[in-house]
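> Our numbering numbers the first residue of the sequence shown as 139 and each following residue consecutively.
Hints were generated in silico from the structure; no laboratory data involved. There could be a bad hint or two in this list.
Taking CB as the label site, the calculated pair distances span [to be verified]: (1) Leu213 x Glu239: 22 to 28 Å; (2) Glu239 x Ala146: 26 to 32 Å; (3) Leu247 x Val181: 33 to 39 Å; (4) Thr293 x His186: 26 to 32 Å; (5) Phe161 x Tyr197: 43 to 49 Å; (6) Pro232 x His211: 36 to 42 Å; (7) Phe161 x Ile188: 27 to 33 Å; (8) Glu187 x Glu269: 20 to 26 Å; (9) Gly154 x Arg246: 34 to 40 Å; (10) Asp152 x Thr195: 38 to 44 Å; (11) Ile188 x Arg144: 44 to 50 Å; (12) Gln145 x Asp263: 21 to 27 Å; (13) His186 x Gly143: 46 to 52 Å; (14) Gln145 x His194: 28 to 34 Å.
Note that CB positions come from ideal geometry on N, CA and C, so glycine has one too.
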Amino acid sequence: MAVLGRQAILRAIDNGAISITPFIPEHVGPASVDLTLASSFRVFRKVHEIVDVNEHTDYRAFTDKVDIAEGEHILMMPGETILGITEERLRLGPGLCGWLEGRSRFARLGLMVHISAPFMGPGIDSQQVLEMSNFGPAPLAVHPGTAICQFIFQTLDGEENYQGRFAGQNQSSF
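Work the whole structure out from these sequences, hints included.
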């Protein structure tokens with residue numbers, strides 16, 4: 139298993155093994171592709187009951203969907219967690235998998251872009267939900283359209299397809 143470099147990523151896009159929609163060629167780096175933040179977010183409501191964490195718990199029961207107008211931002215207070223989603227829909231062929239990671243330029247401000255579950259399995263075909271938290275001391279203005287995270291592609295030994303709970307997620311189902 140190997141991490142794909144820039145030329146291998148571009149070849150995989152050309153031959154259809156990777157699909158990124160919309161695709162911004164300038165976002166392809168030496169070993170990853172930057173993904174941008176869409177304008178839809180899910181903000182957690184203040185709840186006073188205990189949230190039972192199990193396989194059937196649905197985050198949508200505790201969040202409100204918020205759409206940010208063009209040119210505006212969402213404000214994240216210190217200690218606050220929100221959900222964002224990438225603008226790009228990412229599809230991986232059966233021989234590829236990868237890792238969704240934050241970018242250090244934002245981590246240095248206290249913004250964790252993707253708290254958990256960074257691994258994306260082969261065959262995914264979805265926009266990626268981001269569990270974003272402000273661990274810094276100051277409020278952060280987060281803007282849709284920002285290249286907020288990066289995806290690192292890796293070859294897979296074998297050919298499998300992800301068919302899990304969040305297969306096919308997008309802005310309307312998020």
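> Are the hints correct? Go through all of them and say.
Going through the hints against the structure:
Evaluation of the 22 to 28 Å hint for Leu213 and Glu239 yields a pass: the beta carbon distance comes to about 24 Å. Between Glu239 and Ala146 the CB atoms are about 18 Å apart, so this pair departs from the stated range of 26 to 32 Å. For the pair Leu247 and Val181, the beta carbons lie near 20 Å from each other, so the given range of 33 to 39 Å is not met. For Thr293 and His186, the Cβ-Cβ distance of about 48 Å falls outside the hinted range of 26 to 32 Å, so the restraint is violated.
Range check, Phe161 to Tyr197: Cβ separation about 29 Å, and the 43 to 49 Å hint is violated. Separated by about 38 Å at the C-beta atoms, Pro232 and His211 satisfy the suggested range of 36 to 42 Å. At roughly 43 Å, the beta-carbon separation of Phe161 and Ile188 lies outside the given 27 to 33 Å, and the hint is violated. The supplied range of 20 to 26 Å is met by Glu187 and Glu269, whose beta-carbon atoms lie about 21 Å from each other.
For Gly154 paired with Arg246, a C-beta distance near 37 Å keeps the hint of 34 to 40 Å intact. As the Cβ distance of Asp152 to Thr195 is approximately 41 Å, the hint placing it in 38 to 44 Å holds. For Ile188 and Arg144, the hinted distance range of 44 to 50 Å is satisfied, since their beta carbons lie about 48 Å from each other. Evaluation of the 21 to 27 Å hint for Gln145 and Asp263 yields a pass: the beta carbon distance comes to about 24 Å.
Range check, His186 to Gly143: about 50 Å between beta-carbon atoms, so the 46 to 52 Å window is met. Checking the proposed 28 to 34 Å range against Gln145 and His194 shows it is violated: the Cβ atoms sit about 44 Å from each other.
The structure fails hints 2, 3, 4, 5, 7 and 14 (numbered hints given earlier, in ascending order).
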